[in-house]
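*Asks:* Each chain, letter by letter, is given below.
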Amino acid sequence: MFSATSAPASRSGGLKRLLGYFLWVLVAIAAAFCLAAIALNRGEHINSTWLVLASSCTYLIGFRFYARFIAARVMALNNQRATPAERLKNGLDFEPTNKWILFGHHFAAIAGPGPLVGPVLAAQFGYLPGTLWIIIGGVLGGAVQDFVILFASMRRDGKSLGQMAREEIGKLGGLVALLTVLLIMIVLLAVVALVVVNALVGSPWGTFTIAATMPIALFMGLYLRYWRPGKVLECSIIGFLLVVAAIFGGQWVAESSFWAPVFTLSATGLALAIIIYGFLASVLPIWLFLAPRDYLSTFVKLGVIFLLAVGIVLVRPELQLPAFTRFTDGTGPIFAGKIFPFCFITIACGAISGFHSLISSGTTPRMIEKEWHAWPVGYGAMLLESFVAVMAMIAACVMHPGVYFAVNSPAGIVGATPAAAVATINSWGFPVSVAEMQELARSAGEQTLFYRTGGAPSLALGMAHIFAGAGGRAVIGFWYHFAIMFEALFILTIIAAGTRVGRFMLQDLLRHASPSLGRMRWISGMMATSSAIVLAWGYFLYQGVRDPLGGINALWPLFGIANQLLATIALCVATTILVKMHRARYLWITGLPLVWLVIVTFTAAWQKIFSPVPRIGFLAQARQLESALASGALTGAQLAQTRTLIFNARLDAVLCAVFLVLVAVILIDSLRIWAGVLQGTRESRVMEAPFVMSHLSAEEA
Amino acid sequence: MIRLRMFGSLLLALLRELSDENAYQRHLAARGREHSPEEWRKFSDERLRAKFLRARCC
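So the protein sequences, as listed, match chains A and B.
Numbered according to our numbering, the first sequence spans residues 19 to 719.
Numbered according to our numbering, the second sequence spans residues 871 to 928.
None of the hints are false.
Partner residues are not named here, just some residues of chain A that face chain B (Cβ under 8 Å, in silico):
no.: 1; residue: N116
no.: 2; residue: A126
no.: 3; residue: A127
no.: 4; residue: P247
no.: 5; residue: V250
no.: 6; residue: S254
no.: 7; residue: W305
no.: 8; residue: A309
no.: 9; residue: H374
no.: 10; residue: G380
no.: 11; residue: N581
Note that these hints are calculated values from the structure, not bench results.
Note that beta-carbon positions come from the ideal geometry of N, C-alpha and C, so glycine has one too.
Extracted from the complex, chain A is given alone in its bound form (with noise of 0.2 Å):
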């Protein structure tokens, strides 16, 4: 049977299997060990390696098994197919690319600031419900999300979720779609502009360095336009360094007694200021402000994403926070509500993230080789987010936790002074003193670290905390602000591109109504339209800066469930696709995701509407500060604030309820698609662009 001189080539052939196997096994019960490990933990401390150890060995047997089944038996990819990079190669979104770049470009489009505030806010359940979420729901849940849709695109000419939701499930798909991205697009905007805030509110250094972007920006602009036309990567690296001497400048000005009043802004002030910000960056040209700070964002993004693994990996820190503390049982002082269902929405990105399917269905479609790099690109990108959320779970966690509580809690909770603050908390059993808060705030470079809301502060000291492990605590003021430049940096660009979007998308949808006002280029729709998207994130950004549960309890709960409710719409629009291809036999791949995400989002929804409890139900929460009104105990200022918390409670609540039933239309319209086809009542074609050929080499792919 065998030859003399294959013989030998196969039994090293089998060997070398063999030894693969064994290693796979051992990733197996690497990654079962590590995950009971942090799992049964109770009472001590545990090294943060652990984490590393559980997510990474998780991630890849599931990149290496899970996501390859998916691949081989459900999508049957196939590298003889063409795909519409080559198909329809034009030389600019067409494009045939390397793997591994597209895997970082897709990875750098799909990593926002999601993944590293959602599990910094979790952490007050403690490590544990956060850390199990964003493994098992990344391999079972976000990863195959991405996947799906990128695959359903890729063999549909690089179609989007709305084009896709329209043509498989129905016109009512498409136009819902549509409308729950511009929704959810305000909320987003309006909930990261409010982590910013919360981020420099009294904060010079913080306020100077952001501010020092903005001319540092223009003169990007300037350069790569006028004076250096094309030389985007110099253009940025200068651009860094003068990022990183603002941050310089920030701590003079900080020590300046004329120039530090000057940069401590209140609330409302640094609210205004981004509001008008966002305005300016959506009617400017491109090219003067936004581009340029995109693309150092986007650099300074994935830099510190790899500094923050390299240092957790050396510095290996302890984390302080307990598995569990006891805000699970919904009275946590960060946002109110149970581990089920607050737990999943809080934490979207990282988990799972229906704006994924907005990346998946864009660009990277059209820029896939072959048809298998689809699973690196969709899977394993995915995974990668998902262990930056873990890593912003560590650095939340290895901060004390009365430090952790008192950054985090707003006033209207644990006190409107230091010491009711630290008394509340530590009648909490976290321990923390008025003086060990000022001594943190003092090396920080901040005059106070008490109510810092939003996550971003606390994500701050987490991550100074691990640099400084690195290179030493003289310098934690400056990666402290660095860090915060970061976060301010890239939420700031992403408020920016969100409203140009919003922008256009509005533009889109009032075209049918006033064909003026469709038009791109016409200046009083532009201003219109731009200042219309402004108002609508900006009053919720507002709303939060008034709110005196730090607006964070209210918004970031919403922005958690409509983000969910997307990828609901998304994995809808997967698993109708997936039915037409095999009836029933594979449904549970993306049914499973779909009917937990329905189950946690509605509860969540349903429980932030009704919930009696006023921190948690918008509407107990207007009965309540309606009695506080009708009582009579309040007067002037106060009885107008209130009736604004009033409007804006059900305002919430009102919101809370369109999503669902833009979600619940989509729902119903898929089932009966399925049971059609399941049946046999429906034709169940699939609407895949046909087979072609592929030219591309072996090499070449």
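Given chain A's structure and the hints, the job is docking chain B onto it.
*Replies:* Using the frame of chain A, we list chain B on its own:
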């Protein structure tokens, strides 16, 4: 050493892709044109308009 060099060139290629410098080279090659400030401005306007029409991730 070779692997390190390969990693370095891959990283540089990624940075050039993220900074649109690769896309610009493709644009020039596809149209058979030479680099000039005017050509960059034309490419950049077209590229950025398309880029900022798409939703940003959270």
